[in-house]
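Asker: Can you build the whole structure from these sequences, using the hints too?
Quick note: to get the working numbering, add 12 to the position in the sequence shown (first position is 1).
Each hint should be verified, as a subset may be incorrect.
[Stated by the list, open to error] Derived Cβ-Cβ restraints for the label pairs, each shown as a range:
hint : residue 1 : residue 2 : range
1    : 438       : 102       : 44 to 50 Å
2    : 25        : 102       : 25 to 31 Å
3    : 438       : 78        : 31 to 37 Å
4    : 388       : 220       : 26 to 32 Å
5    : 438       : 486       : 17 to 23 Å
[To be verified] Derived lysine-lysine pairs resembling PhoX-like cross-links, with alpha carbons at most 20 Å apart:
hint : residue 1 : residue 2
6    : 534       : 507
7    : 676       : 639
8    : 666       : 685
I should point out that these hints are in silico values taken from the structure, not numbers from a laboratory. Every residue, glycine too, gets a C-beta built ideally from N, C-alpha and C.
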Amino acid sequence: MKMNKTIEKHGHILVFAFAFLLYANTIKHGFVLDDRTAITSNSSVQKGIKGIPEILSNSYMYGYSGTNEESYRPVSLILFAVETSFFGDSSSPFHLIHVLLYSILCVVVFKWLCLLFSAYSLSLTFGITLLFVAHPIHTEVVANLKSADELLGLLFGVLSFWLFTKHLEKGAMQDLLLALVCYLLAVLSKETALSYLAVFPLLTWYVTQKNTSAWLKTSVFILPVALYFFLRLNILTAIAFEAESEKLSGANNALLFSENSSEYFGTALSIIGMYFQKLLLPLSFSYDYSFNQIELVEWTNPSALISITVILLMIAAGVFYFLKRNLLAMGIALVISSLVLSSNLILPIAATAAERFLFSPSLGFVIIVGLLFNQLIQSPLGTKVHQLSWMALPIVLLFYSFQTYSRNSDWESNQTLFIKDVETSSNSYRAHHFAAAEYKEVGRKAANLADQQKAYNKSIYHLLESIKIYPDFMGNYEQLADLYKSKGDYPRGEKVALAGLKKDSGNIDLKLHLGDIYLQSKQLKNAQTTFAELIDVVDSTKAYFANYNLAAAYYNDRKFTEAIPYFEKAVQINPAAQDGLYFIGVSLYELEKYQDAIDKLILVTEANANYPWCVFTIGTSYLMLEKYTEAIPYLEKSLAYSPDEIGALAALAKAETEIGNIEKASDYYARIKKLRQ
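Answerer: Put into structure tokens, the structure is as follows:
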């Protein structure tokens, strides 16, 4: 009794504090994984509040990919845009708000359950809420900012449940209107909320008994759904993923590699079984379940058969408890309806599986656990079970909290996440690919050569593993060729690039890597041939590198006349890049067109005064034109950059001699002599 009074008075505060403290260690985390597509590299979001009209009138990925298809989820992007306006690229405020939103969600869950479970003990409702708060399956949603779509979808969904329940009990029209608004915001946050439509009739069934007018009110929740599809149809160029698109591919969703429907549905069912296991006993976690982490199985596989048996039993139990007006049916409906859209059973989606898909079902799961436990208390074993509950709940909460808190640390950065999760997703090509990228970055920042080579070797290992799993993924060949190039292992780099080009002869990135390998290994003829194929590619960045490197290949081959037009084209593509203009000037110098060289190189110094070799070449060009007075200031500036540069000292000595400053010339000759000793 005393416990119930404490919960009634302070329960919402305890729930909020527990949720906040559990995820407080994520507040200092950075932007991780898909935060790039939703925040840091999303042009609409980066415009801040000014980008909101663009967010409302385009697809979820428009600001990142420029395409107007796939999904319409403006609510989370608007949140990110507002946060960007206030906090810029500082990730901590984003994470703080994210944790606060989760804490608020948990309080709303508690408030709704208190209202819905008014006939039950308040301690039961509190216990169910604490299980929801602590469940470790939530870590991906709370620790990863991009998953604000999942978080806001459930927050607004539960708000609509709570408000509609209040309306059913008290009849206030404002509660119904607010419930409709919240449900619209839920579906505009994430499509998963469409499945919540099944909850409103159940609420009516439990709360109003046989009130016909209340049943009619349930139908109004079709309006937010209709408005959502109206917006989606009028804003997006495609209402769903197009078949064979990059997103809807076997690389992202292994089920699309299924050879027949038996294998497709068998695997989908076995994944649902994995979901049930993770809800019941969350022991291991991963951000990635792409090809080939989950084995493709026929529907006759034991895992698929067990899954379909559990699903059928849950449906039967749901019907049974529905007819008895038992709230267990509500928990079952939340689990099954929330999994439907992400299960691949109805339509294939852009992922094989993901732990974030269990965020909404977890609410139904804890309701089921709590109510089943309550039934046990009321059974002949009730006294013993009740006594056991005082031990079991703290143990489960402690286990959940430990799992959650420790998993949070994995989400600190891409490096911590990718390197950790490749251990649990060792059969995923993408997990190995991303781990390789992080080890390469570790090597790039290494303090010494030994540490660099160690990190590079780990990167190579993971890339080779990724190629074994999925030989047709070109990104592995691109990264591996670049890595061998970084190590100076040009023969292996060439071999990898050629192997990749056998699979995809039109891969521009791989050709650029191959050309660069030829250039750095002094295979200049091969470099010229390779880059010549790429000078007219559509992508301006790639066209710049192709033209610049083709020019460099001719330049290193001392074919300066052939080099100049490609340096000029590179400068035309990217006028801000000074290297091309500089090498045009140097090429003109080598062709003994000294005045032309000076004219080009002066343009470089005007744009970038700190270009030491540029001023040296200008000085020596004036020297060759016998304009000694003009040469000296440039040569002196060059010497200021490099006081021990013998070439600059010799040029200055000659210039000073020619204009009669013998004493100065002698000083320069003396410095040269000293440097050569």
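Asker: Next, verify each hint and record whether it holds.
Answerer: Going through the hints against the structure:
1. Separated by about 35 Å at the C-beta atoms, residue 438 and residue 102 break the suggested range of 44 to 50 Å.
2. Checked against the hint of 25 to 31 Å, the C-beta distance between residue 25 and residue 102 comes to roughly 29 Å, which is consistent with it.
3. Checked against the hint of 31 to 37 Å, the C-beta distance between residue 438 and residue 78 comes to roughly 35 Å, which is consistent with it.
4. At about 29 Å, the CB distance of residue 388 to residue 220 agrees with the hint of 26 to 32 Å.
5. Between residue 438 and residue 486 the beta carbons are some 22 Å apart, a value that agrees with the proposed interval 17 to 23 Å.
6. Between residue 534 and residue 507 the alpha-carbon distance is near 16 Å, which keeps this suggested pair within the 20 Å criterion.
7. A threshold of 20 Å between alpha carbons decides the hint, and for residue 676 with residue 639 the separation of about 18 Å falls inside it, so the pair holds.
8. Between the alpha carbons of residue 666 and residue 685 the distance comes to roughly 15 Å, so the proposed pair stays at or under 20 Å and holds.
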